[in-house]
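Participant: Listed below are the residues making up each chain.
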Amino acid sequence: MNTVDGWVRGFARQADADFRAWELYQRHSQAVAATCHQMLFLQMACEKLCKAYILKNQIQSPEDVQSSHGYVKKHLPTILKQEIAYLKSDKLAQMRHLMKQFSHLAKEIEVLNPSMDRQARPDNCEYPWDAGGEILSPLDWNFQPLQLLSIAGGPTFLKLLRLAINRIL
Amino acid sequence: MPNTMNAGEYNAETLQLAQKHYQIEEGITDIFHITDQFSVEIVRPIKLLEVNQNTVPSGIMPIQFGADPASGIPFPSVILEVTPEEFHEIKLGKLRLPNGWGIGERIPEPDLEAGE
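Protein chains in written order, with this note's numbering: chain U, 997 to 1165; chain F, 3 to 118.
Do not take every clue at face value.
As the list claims (entries may be wrong) - Straight-line C-alpha distance at most 25 Å; calculated SDA-like pairs for lysine to any residue:
no.	chain 1	residue 1	chain 2	residue 2
1	F	K96	U	E1059
2	U	K1087	F	R108
3	U	K1155	F	P76
4	F	K93	U	Q1054
5	U	K1103	U	R1092
6	U	K1103	U	D1086
7	U	K1096	F	K96
Hints were generated in silico from the structure; no laboratory data involved. Everything numeric in this text was worked out from a predicted model, so none of it was measured.
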């Protein structure tokens, strides 16, 4: 295995492990101290998956991708779009409304990381933040992605995410 | 031109993959084949440049996918998504593609009314 393959596999394995933690929390909700922990694993899984796919092309270096926690908003919809293309479906156009939802979810998942958009979106799944003088905590926050994942399209998003992780492992 | 497979098959698969993407993502306005004069892979991936109104700017950051013959995608693929503004910058040479890459032919949208 060359160095690039090693990095791709390394990020893919971490994404898989993070997403398995999410999946276990889904099945055993009593194991979760707080919802923010569940969201943290989802955000980390998505970020590492995107980094694995970027590194696979051997244009960006590991140092490049490790300098940011971004990539989810931009690349996760592309990865999921390709997973839909892999499906043997003759109703691809009907997936358009799902892609819109996936893009919105990707945007919301990206800002779960506290370093992404502190000014416009201080809410995150790790640290307390100041909301106009009131200190809010992730422990008490209602995370929008969790709500989006529970409505139509959410289960498909999670299924495609799992397929994308398995594919690159 | 791919070097280990039938060129006709390669071109047909390129068209099919691009047209699937047109159908799935409504923000895509144009898809171009990316040419690569330095490609040395045994099986050349299908390379597509997709202009997507719904994506966000990130510069030139393509991502690569494996082949999945069971799903009807027999070749690896590389997808480079850019915003319309980024595409304009690529055409002006302000944003540069990786060495050896060039913008090839535009791939047409599927004719959905014809039942494709």
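Participant: Checked against the structure, which of the hints given earlier come out wrong?
Facilitator: Violated hints (numbers, rising): 6 and 7; every other hint is consistent with the structure.
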